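Peer 1: Here's the letter readout for the chains.
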Amino acid sequence: MNKTPSKLDMEEELNLLEHIHRVPHGNSLQQVLKRIEQRKERVSGAWLLVAASLLLLLLSADVLAARMLKKAALQQPLNSLLPQTEMLLYDE
Amino acid sequence: MDPFSLEELYRLHHERVYNLALHYVQNAEDAEEITQDVFVKVHEKLHAFRGLSEAGTWIYRIAINASLDHLRARKAGKRAFWLRVVSFHGKSAEQEPQNFNHPGINLEHKEALQGLFRAINKLPDRQRSALILLKMEGLSTEEAARIMELTPKAMESLFQRAKAQLKILLHQAKEHE
Numbered sequence: 345m346n347k348t349p350s351k352l353d354m355e356e357e358l359n360l361l362e363h364i365h366r367v368p369h370g371n372s373l374q375q376v377l378k379r380i381e382q383r384k385e386r387v388s389g390a391w392l393l394v395a396a397s398l399l400l401l402l403l404s405a406d407v408l409a410a411r412m413l414k415k416a417a418l419q420q421p422l423n424s425l426l427p428q429t430e431m432l433l434y435d436e
Numbered sequence: 196m197d198p199f200s201l202e203e204l205y206r207l208h209h210e211r212v213y214n215l216a217l218h219y220v221q222n223a224e225d226a227e228e229i230t231q232d233v234f235v236k237v238h239e240k241l242h243a244f245r246g247l248s249e250a251g252t253w254i255y256r257i258a259i260n261a262s263l264d265h266l267r268a269r270k271a272g273k274r275a276f277w278l279r280v281v282s283f284h285g286k287s288a289e290q291e292p293q294n295f296n297h298p299g300i301n302l303e304h305k306e307a308l309q310g311l312f313r314a315i316n317k318l319p320d321r322q323r324s325a326l327i328l329l330k331m332e333g334l335s336t337e338e339a340a341r342i343m344e345l346t347p348k349a350m351e352s353l354f355q356r357a358k359a360q361l362k363i364l365l366h367q368a369k370e371h372e
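First to last, the sequence lines map onto chains X and V.
Quick note: this note's numbering has the first sequence finishing at residue 436, numbered continuously throughout.
Quick note: this note's numbering has the second sequence finishing at residue 372, numbered continuously throughout.
Please keep in mind that the hints were generated in silico from the structure rather than gathered at the bench.
Quantities reported herein were computed from a predicted structural model and do not represent experimental measurements.
Glycine is no exception: its CB is placed at the ideal position from the N, C-alpha and C atoms.
Be aware that one or more of the hints could be misleading.
Stated by the list, open to error - Ranges of calculated distance between the beta carbons of each label pair, as one might list FRET restraints:
| # | chain 1 | residue 1 | chain 2 | residue 2 | range |
| --- | --- | --- | --- | --- | --- |
| 1 | V | Arg267 | X | Val394 | 27 to 37 Å |
| 2 | V | Lys369 | X | Lys378 | 23 to 33 Å |
| 3 | X | Lys384 | V | Arg206 | 46 to 56 Å |
| 4 | X | Glu356 | V | Asn294 | 19 to 29 Å |
| 5 | V | Glu370 | X | Ile380 | 44 to 54 Å |
Just chain X, with the same shape it has in the complex (with noise of 0.2 Å):
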């Protein structure tokens, strides 16, 4: 079968890519084992921040917590004590 001489054009074009040679590779192993240490690093590193990230929340809950306590105590009425007191008054 005769080949069009657009396909001939094309089949010579792609012959082309069977012209490009192996390269040889120089051995870079010791430059994958150290990104992978520095990858270790690196998600390490990042629990560590997370753990301490968790930390400081929890710290600030707490201190938060204890300051709207503290708040509101303040913040009670004195007369919700009254009768209290004036149980007591009757009581005596």
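Dock chain V against chain X, hints included.
Peer 2: Structure of chain V alone, referenced to chain X:
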């Protein structure tokens, strides 16, 4: 030596991975970066691999994905850069020419292959992979099908679609010249 140790897998496959990456990025520096990235990934996933498939096939798959990820990241970076340029100058700018530096190409074929690669780079990912595995890596349809997790028939059909699409792209490129 443990056949699934990182050192042994690297020794057996690093050159193949490097050459495969070169076909995708056509740049020695990027291909080196991808090769290192592939073996970092191999190390991370080695416990899950346990020889369930052929190591070479598995590493080929990782290398294809790493190369495509690298190209996507490069494209996204380039897009972000040009968006900044466009917003600064208030008009669109032409795409930066790709840094074509494939050490496996002889000088006499360089110009022709640069044009061909320009068209190949516009192919959809799977079609480009089919062309690279079958035409540049010289794998059989069966081997390429195993790597791409397809049937040999589907692989052949993908290759034919890649060739048809490439023909259109080359035709368009010649019309623009």
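Peer 1: Does 19 to 29 Å hold as the CB distance between X/Glu356 and V/Asn294, or does it fail?
Peer 2: This hint holds: roughly 27 Å between Cβ atoms.
Peer 1: Per the hint of 23 to 33 Å, is the separation of the Cβ atoms of V/Lys369 and X/Lys378 within bounds?
Peer 2: Taking Cβ atoms as reference, V/Lys369 and X/Lys378 lie about 47 Å apart, which means the hint is violated.
Peer 1: Look at the Cβ atoms of V/Glu370 and X/Ile380 and judge whether their distance stays inside 44 to 54 Å.
Peer 2: Given a distance of about 49 Å, which is inside 44 to 54 Å, the answer is holds.
Peer 1: Would you say the C-beta atoms of V/Arg267 and X/Val394 sit inside 27 to 37 Å of each other?
Peer 2: For V/Arg267 and X/Val394 the Cβ distance comes to about 28 Å; the hint holds.
Peer 1: So the hint says 46 to 56 Å: do the beta-carbon atoms of X/Lys384 and V/Arg206 match that?
Peer 2: violated, 22 Å
In terms of the numbered hints stated before, the structure departs from hints 2, 3, listed from lowest to highest.
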